[in-house]
Amino acid sequence: MDLKEFVDIRTEHLGSIFKMKVYVEYAKKFFNDFPNNLDKDLKEQWNNEVDNFMNLLEDLFNNKIDKIEVDFMEATPLFISLAEVRKEATGNIYNLFQFDEIIFYQALVMNYARIDAYFNDIIKYICEEKPEIMLNLIDDTIKKNEGVNEKSITWKQIIGMGSYENIIDYISEDFIYKLGLKSIKDRINFLNSKVGLNISKEDINLELIYKGEQYRHNIVHRGGVVDNKLIKAFKEELKQGDKIKIDEEFLNLIFDESAKLISYSSCAIEDKFFSENNV
27 MDLKEFVDIR TEHLGSIFKM KVYVEYAKKF FNDFPNNLDK DLKEQWNNEV
77 DNFMNLLEDL FNNKIDKIEV DFMEATPLFI SLAEVRKEAT GNIYNLFQFD
127 EIIFYQALVM NYARIDAYFN DIIKYICEEK PEIMLNLIDD TIKKNEGVNE
177 KSITWKQIIG MGSYENIIDY ISEDFIYKLG LKSIKDRINF LNSKVGLNIS
227 KEDINLELIY KGEQYRHNIV HRGGVVDNKL IKAFKEELKQ GDKIKIDEEF
277 LNLIFDESAK LISYSSCAIE DKFFSENNV
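Using my numbering, you'd call the opening residue of the sequence shown number 27 and step up by one each time.
Since the hints were derived computationally from the structure, they do not count as laboratory data. Mixed in with the good hints there might be a few duds.
[Stated by the list, open to error] Derived lysine-lysine pairs resembling DSS-like cross-links, with alpha carbons at most 30 Å apart:
{"#": "1", "residue 1": "Lys-204", "residue 2": "Lys-45"}
{"#": "2", "residue 1": "Lys-69", "residue 2": "Lys-45"}
{"#": "3", "residue 1": "Lys-211", "residue 2": "Lys-150"}
[As the list claims (entries may be wrong)] Computed Cβ-Cβ distance ranges for the label pairs, DEER-style:
{"#": "4", "residue 1": "Lys-208", "residue 2": "Asn-73", "range": "45 to 55 Å"}
{"#": "5", "residue 1": "Asn-192", "residue 2": "Ala-259", "range": "37 to 47 Å"}
{"#": "6", "residue 1": "Asp-273", "residue 2": "Ser-226", "range": "27 to 37 Å"}
{"#": "7", "residue 1": "Tyr-196", "residue 2": "Ile-128", "range": "33 to 43 Å"}
{"#": "8", "residue 1": "Ser-301", "residue 2": "Asp-229", "range": "11 to 21 Å"}
{"#": "9", "residue 1": "Asn-192", "residue 2": "Lys-271", "range": "44 to 54 Å"}
{"#": "10", "residue 1": "Lys-204", "residue 2": "Ala-139", "range": "11 to 21 Å"}
{"#": "11", "residue 1": "Val-251", "residue 2": "Ala-143", "range": "25 to 35 Å"}
{"#": "12", "residue 1": "Tyr-190", "residue 2": "Leu-279", "range": "40 to 50 Å"}
{"#": "13", "residue 1": "Asp-297", "residue 2": "Lys-211", "range": "19 to 29 Å"}
Quantities reported herein were computed from a predicted structural model and do not represent experimental measurements. For every residue, glycine included, the Cβ atom is placed at its ideal position computed from N, Cα and C.
All chains should be modelled from the sequences, with the hints used to inform the complete structure.
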């Protein structure tokens with residue numbers, strides 16, 4: 027990888043963070059007052075689908091039909107929610123369509139997916155330039171996973187790989203995966219201590235990034251429902267079983283710190299591998 031390729035990688039990931047910010051801003055506006063803000067044709071289509079399905083539900087609950095035959099591949103995803111509304115008799119179905127939570131959750135998850143992709147790209151490059159870093163145990167406590175990096179490759183595998191570069195690529199895939207299981211903060215510490223980078227932790231709010239990262243894990247694995255693990259992690263007024271509250275202000279802070287993280291990490295890598303003294 028030359029400097030231009032590296033800059034292209036940085037630009038791609040930073041651009042994606044910016045796109046996420048734009049997405050949140052305009053998705054909120056688009057879905058504000060949904061479905062009343064739809065244009066005439068879309069609103070008519072929406073209302074027809076809702077009316078047709080609600081009529082089917084009415085017939086079903088009144089035992090006029092045995093089952094509802096609807097092509098759910100063509101139907102809108104709201105039907106399950108509509109059924110709940112009909113059963114619960116909660117009234118106005120449009121109260122269901124509050125999209126802020128979906129928009130914010132999706133943006134947060136995608137933000138951290140982009141950070142992971144960035145780290146995968148740069149660590150792969152570092153492994154190619156300094157393969158000896160893969161000899162380091164990833165955990166701080168050696169006894170925790172002693173010997174985990176002492177793997178062997180058979181002669182048959184080596185011959186099948188065909189070249190030294192392919193061998194390094196094979197080993198680095200496993201290494202990158204294991205390092206990616208660590209928190210972003212731990213990955214920064216690893217790169218600073220083991221690779222000799224100088225990523226400034228004082229200029230990045232790593233605690234905020236860590237908080238967003240844990241929220242991301244919870245959203246992916248628990249659907250955003252607060253559990254004891256999250257409560258213990260942050261000692262906040264979180265209540266088990268509640269949904270994580272994310273607003274636009276929090277997301278914008280996450281976006282800004284994520285952009286800083288990518289920028290400062292990239293600068294440290296440029297200084298280490300692309301400066302005139304190291305080229």
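Hints numbered earlier in the text: which of these fail when held up against the supplied structure? none
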